[in-house]
Amino acid sequence: MDAVEKANAERQRRWAKDQKIGEGTYAVVYRGREVATGRKVAIKKIKVGQFKDGLDMSAIREVKYLRELKHQNVIELLDVFSSKTNLNLVLEFLDTDLELVIKDRSLVFLPADIKSWMAMTFRGLEFCHRNFILHRDLKPNNLLIASDGQLKLADFGLARDFADPGYKMTCQVITRWYRPPELLFGCRYYSTAVDIWSVGCIFAELMLRTPYLPGESDMDQLKTTFRALGTPTEEDWPGHTKLPDYVPLGQFPKTPLRDLFTAASADCLNLLSKCLLYEPRRRISAKDALDHPYFFALPYPTHPSKLPKPIPKRTSSLPFEELDGNTEPNSTGPGVKANPPNKLKRKHSDEGMIERSKSIARKLDFSQ
Amino acid sequence: MSNRANGWLRGTVVRKGGVSTASSTRTSTPQIQSTSTTVFGGGVKDASGRTSEYFSMDDQCPVCKSDRYLNPKLRLLVSSCYHKMCESCIDRLFTLGPAPCPVCAKILRKLAFIPQTFEDLGVEKEVAVRRRIAKEFNKRREDFPDMRSYNDYLEEVEDITFNLINDIDVAETEARIMQYRQENAALIELNIQREEQYAQSLKEQEELERQEREHRAAELRRAEEQEREEREKGRREIIDKLETSDKDATKLVARSRLEAMRRASARSSSSGSLFQSSSRLLRSRAAQSTVVPDVPHVPLQDNWYAYEDMFTLRDDYDDPPSEAVRRDKEGVMRAGGYRVDQAWERALRCAVAGLEVMPLEGLHSPILEPTSIIGAGPDVVMTSA
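Just so you know, the sequences run in chain order U and V. The numbering of the first sequence is UniProt numbering, which starts it at 1 and goes up by one. The numbering of the second sequence is UniProt numbering, which starts it at 1 and goes up by one.
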């Protein structure tokens, strides 16, 4: 046994796997615990053998970026080890996700609750963006909620770092309902603004308790978007007609957000409209959003521990990690629909033993 | 209340204003809504908007002295001067037009008689007066700058009410009311609207809760129905099995019983959750909020951007590789939101990150320390600069 194997075996012994709680395209998720402390974790076993090209892309992305990120509002990847031919990610165990909360009709949301969730989402996202990572798959079911009420961004299977100038990125990312129009128009050069659009959709969904822009196909998604927010003009969004997949879709009038969100405060609608601006460069940044008056106005954001949570009815199926339907984002369509309600979410937190020494290095060598 | 079916005025329960019920027998009388009923509207309405009428076996008309023993259909109405008389007296005295009250000689009209709700006519009068006053004197606490002036206002209202009830300085009091009405017309109107809105929202809330109850009931019925069907099905299955299989009959029966029980318990656990009324939930949320106070929003919980003064981002750099991107002839990068300055910022941040941090600092922090609150992450290393 060489040194590497030895280190791996040592790590493996730190974690115990319990029952299986979910399965996705490229991974199986188990509930587990840390042997020494009994702390609950989720262990995501990546199926290695079945991919000809080696590890699945999203597993690589997940490990690559979660190792970099440690923040209160981002899932923590605690450890990575291999067993036989499998790769195992040890993630923070989180109870539920925002989608389940939104769907649970027995819960009542106060405006302060929505404010609190939004603040936590923006904080987590700001942390990703400040580290030059685009999440690219924000949706309620990737926002997991810990037992203390903290909301955490999860599922970095589609994340990537900012592209260098001139490098193309794929436009087939983000679950359709949360995908911004520039991606639907096939734009290959984009930035943090794509995540902000998704957050805007989630914001609206929290108020409506139903998906805000549920398009049935990519084309329909554009139409649904324009129907809700009006067809963009050249002035609203300079240059969009030159985007690769641009098609004229007819003129829809702009309707004020107030018509749909009758009970929202003015601040709230102002922030929402800034998240849903067509022109990506003018869309608010996560950092500016956190400084928006909406968050400072009364009522104060609800303390996380008091946020409504679904009562775990079926203890065996509810609270897990989502296994993630994202491996093929362009074919699965809106994951929200495709996934049964007992999604498991994975949480990562990276407590790898060497992690602490990384705090400096990671800023210097981003691609490690 | 009595079951007298037909009378001069029919029914023991009449709508306020009471005119419509009379129409069948009083065709000759003009059906004008009496003004005095609106001013001194008698009786108290119940939830359905109807007036319940006072009725007693000892009723006697003070005018003609006929009583319930002589005339089982006797019905006493109250005049605007709060004197009772029976319907036949009213007919007799007032059919030919306004006439003086036999008791106090005030001029009365036939239409101004109202049904009686309270045994004590003093109460009847007070209720009517208070209702009339409340309609116009409807200012709220918010309409006053301070508690003092609000109390003065309430005092004045009570004064007016007292005067009207006890017939003190009626003319002068009416003049005061008139003056108030002119001065506050707009505010009165506004408060009426507010009142209506409030009533409306209450109604909506009730409606919601009612729907929820119905929903629950329907759910319950459905569950029962399902249970019955399953029992039925189970029984049929047993019979089928007994017919076709050659196994021991008692064993078969026992097994299917077991299955039925399992199904039933699965059902009850799945439908057990259901709803709580939303108002109850809201109340429990409100109670909770006193335990853990909400705190004002803090945009960022660490000090990351303090690092910003370690570099200055310029508007432009000599950067040949990004030349094409910056020119962006097509405008697609601009339209997609890509910004070259973000790439520059990244390069600069990476260059300065970790400056002034002691080598290997942070290495020996305990592994698996809980990710608690503010700035436990690696970024603290940067902010300590």
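It should be emphasised that the hints constitute simulated quantities derived from the structure, not laboratory data. Only a predicted model underlies this, so the values are computations on that prediction, with no experimental measurement involved. One or more hints might be untrue.
[As the list claims (entries may be wrong)] In silico BS3-like cross-links for lysine-lysine, where the CA-CA straight-line distance does not exceed 27 Å: (1) K329(V) / K242(U); (2) K6(U) / K47(U); (3) K64(U) / K20(U); (4) K274(U) / K287(U); (5) K135(V) / K168(U); (6) K242(U) / K223(U).
[Stated by the list, open to error] According to the in silico footprint, chain U covers these stretches of chain V (three or more CB under 8 Å from chain U): (7) 128 to 135; (8) 184 to 195; (9) 317 to 325; (10) 342 to 351.
Note that the Cβ used here is the ideal one computed from N, Cα and C, for glycine as well.
Next on the checklist: Need the list of violated hint numbers for this structure, in ascending order.
Outcome noted: As far as the earlier hints go, 5, 7, 8 are violated by this structure, in ascending order.
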